[in-house]
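Kindly generate the complete structure, drawing on both the sequences and the hints.
As a plain string of letters, each chain reads:
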Amino acid sequence: MATKTFDKETILDLTVNMVPLAIILFFVVAFTFVNPFGFESLTSGLQYTLLIAPFVLLAALTYLSGKAIAGSEKEGTVYAPGQATVPGAKPLHEAEGEETAELEESTDDDAVEAADETA
Amino acid sequence: MEVNGQLALTVLMGVFLIAVAAWLARVEDWRSYTPLAGGGTVGGTAEQYVSEEKPSGVIRWLTTVDHKDIGMLYGAYALVAFAVGGLMVVLMRIELADPSMTLISNTFYNSLLTSHGITMLFLFGTPIIAAFSNYFIPLLIGADDMAFPRINAIAFWLLPPAALLIWAGFFPIPDVIPAQTAWTMYTPLSAGVGSGNQMNAGVDLMLLGLHLSGVSATMGAINFIATIFTERNEKVSWANLDIFSWTILTQSGLILFAFPLLGSAIVMLLLDRNFGTMFFSVDGGAILWQHLFWFFGHPEVYILVLPPMGIVSLVLPRFAGRRLFGFKFVVYSTLAIGVLSFGVWAHHMFATGIDPRLRASFMAVSLAIAIPSAVKTFNWITTMWNGKIRLTTPMLFCIGFVSNFIIGGVTGVFLASIPVDLVLHDTYYVVGHFHYIVMGAIAFAGFAGLYYWFPIYTGRMYQVTLGKWHFWLSMVGTNLTFFAMILLGYGGMPRRYATYLPQFATLHQVATVGALILLVGQIIFVWNFVQSWLEGREVQDGDPWDLADDDLVTAEWTWFERKLETAVTDGGEEETELATDGGQTVDDADAESADDA
Ligand code: HEM
Ligand SMILES: [Cu+2]
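Residue numbers (my numbering), protein chains in the order written: chain A, 34 to 152; chain B, -7 to 589.
Honestly, the hints are just simulated from the structure, not real lab data. Built from N, CA and C at the ideal position, the CB exists for glycine as well. None of the hints are false.
Covered stretches of chain A (in silico footprint by chain B; criterion: 3 or more residues with CB under 8 angstroms from a CB of chain B, positions within the stretch not fixed):
hint : segment
1    : 43 to 49
2    : 57 to 66
3    : 76 to 89
4    : 93 to 101
5    : 104 to 118
Capping the alpha-carbon separation at 27 angstroms, the derived lysine-lysine pairs in DSSO-like fashion look like this:
hint : chain 1 : residue 1 : chain 2 : residue 2
6    : A       : K100      : A       : K41
7    : A       : K123      : A       : K107
8    : B       : K320      : A       : K107
9    : A       : K123      : B       : K320
10   : B       : K46       : B       : K60
11   : A       : K107      : A       : K41
12   : B       : K380      : A       : K123
13   : A       : K100      : B       : K320
14   : B       : K320      : A       : K41
15   : A       : K123      : A       : K41
One-sided excerpt, in silico: chain B residues whose CB lies under 7 angstroms from chain A:
hint : residue
16   : K227
17   : F321
18   : S353
19   : V545
Printed below as a string of C-alpha cells:
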C-alpha cells in the first residue's frame, strides 16, 4: 500500500522539486572538489550545513505533501481544484461519479444555510 | 534594597492579574461566546448562533467577527495605507526630479523613505493579502467561517494602532520625529548611537508599531493554518484544495517562523535603545542585526509574493478558458519556495565581508530557489498558450504580473550571483529589482483580485473602460519608473539618497514621470472603485464572468449565486443580460462601457 502511493504520475509531479534538490546537491559536490578558500572546521561545517539543512527539509516536505496529496487522491473523489463543492461539478475521474452525487446533496444544504446567514 | 522593592512590586502585580483573571472567569459565562459566525470549534454547532442579525451602522463594523466583514476591513485598511505610502513616494519622486535639495529637506526625505517602505510592506502588502484570504478562503474550502473568528477580529484590530505608532513621528507631537532608519533598521543607526537624532522616541514608537503588526500577522497565520487544516468541507481533500488556499497555507507557515524572529530582534533593539543592553553594540553586533533581520526579511518577501502568485494562478486560467497547466507543479513549487526561502538570507549581506565559504552556500541556495519561481512562470505562460484569452481587466493585470515578475525575477537571479552583487549592491538596480516584484507583481495581483471579485463583495460591476485605463497607466508607469532605476543602478547611482550627481538627472526624471503616470492611474482606480461601488450596475447573475461555459466555476462564485438567489426571491423580473467585463468580446465590452464613463 505505502509504496503504491507514489505511483509514476506522483513521482512525475514531484520532479519539480527534484530540480532544486539536484542543484543543491551539485554544489555540495562542487564545493568538495573546488575549494579555493581552504578547510576550517567551523566555517566549512556551516558551509555544508547551509546546503544540507535546506536539502533535508525540502526533501521531507516534498515527501510529506506528496503523500498527503496522492493519498487523498486515492481515497476520495478528485475534482478540479476549488470546484469540489460546486454543484454539478464533474469529478476528474468519471468512474467515481455515483458516490459523488450522494455527497453533493448534503453539502448543498449546508451551503444554502450559510448563504442565508449572510444575506 | 531597590531590587527587592521592584521584586515585591512585580509579584504584587502578578497576583493582582491572576485575581482579575479569576474574577472574570467567574462573572462571565465564556461559553456563551462560542463563535458567532459558527466557526464551531468549541463544541459549537450551527444551532448555537448567538445572534442571527448583525447590528447596523458603525457598530456592525466594530463588532463583526464574520470573515467576510473582516476581509473588507483589511481591504479598506490596506487601500488607505497604499494611498498614504503612495503619496509619500510621490513627494520623494518630485524631490528627485532635480539633483539638489529643493522641495523637502534631506532628513524629511529619509523619513519619507523609511515610512514608505514600512507602510507598503507591512500596512499595505500583508493586509491586502489578508483581505482576500479572509473573504475567500472559507468560501473556497467550504468552511462556515475561520477556525477562530474572534482571534481573526483581534488580529485586524491590532493594525490601526500599529499604523498610528509607525506614523507617529509625522504627527504634530512635541519632540517626536519620524524614524529615518530605512525599513531594514540597521544598527548602529537604529540603536540611536552617535551624534544623529535617531535616539528619538519616534523610532521607538515605530518599532513598537512594527512589532504590533507582526503580532497581528502571526495571529492571522495561526488562524489560517487551523482553518485550512480543520475546517475544510469533507469533499475538499488535499487533492481538491485550490491554489490560493495552498499559497496562503504556505505563507502562513512562513509567517509563523519569520515574524516571531523579527519581534524578538525588535525587542532586543528596544532594550538596547532604552535599557542599556548591548546586543548590537558589542563586536559583531551590527552583523548580528543583519542576520536576524534578513532571516526574517527574505522569507518576508515570499510571504508577500506567494499569495499574489496564488491569485494569479486562480484568476489567469479563468480568462484563458482552461484549467491551470501543471497545477501540481505550482503546488509543490510553492512549498519548495516556502522551505528554501529560509536558506538564502545572507544574499542581502554579500558585501559585508562575510566568510566566502558561507557566501558561496547562500549563493547556491539562492540559485536553487529561482527554479520553483521559474516553473510557475512557465505554467502561467503555458496556460495561456493557445487558450481562449479574454482580455478583461483582471486578466490584463494577471498578464502584467507575469511580465513584470519575469523582469523582477531575472534581475534577482543576477543579484544572487556574488560577483554581480558586489557591483550592484546598494544601487538603484536593487530598488528596480524589488519594485518590479512588489509594485509590478504584488500590487498588480492585488488589483487583479479586486477587479475579479468586485461583483462578489459589492454586488455591482466596475466601469470597464476606466479599469483598462487603470491597467495601462499602471503598466506603463511601472515599467518607466523601475526600468529607469535598473539603468540608474548600472550607472552606479547609490540608493537611499535625496540628492545626486547631475549625470543621473535624466534617468531620475524619467522615473519621476513614470511615478506621476502611476499616480494618475491610481486616481482613476479610486474614482472607479468608489463610484462603481455606489452606483455601478447591479450584478444579477451569479456567474458574471461566464465561467460555467468552460467548467471553471469555483466555490466562491457558487456561494455568490446562492446568495443572490436567496436575496432576490421576489421573482417576476426578467433576466437582463448584464454588461460585465467577461461575457462578451473585448471590443463589445469597450463599446458598452464608453457610455458609462
Ligand atoms: C519573488 C519575489 C521577490 C521579492 C519580493 C524580492 C524582494 C527583494 C527586496 C525587497 C530586496 C531589497 C532588500 C534591501 O532592502 O536591500 C531584494 C534584494 C535582493 N533580491 Fe529579491 N525579491 C524577490 C525575488 C528574488 C529572487 C527570485 C532572487 C534570486 C534568486 C532575489 C535576489 C535578491 C538579492 C540577491 C537581493 C540583494 C541585493 C543587494 O542588496 O545587493 N530576489 N529583493
Ligand atoms: Cu532576499
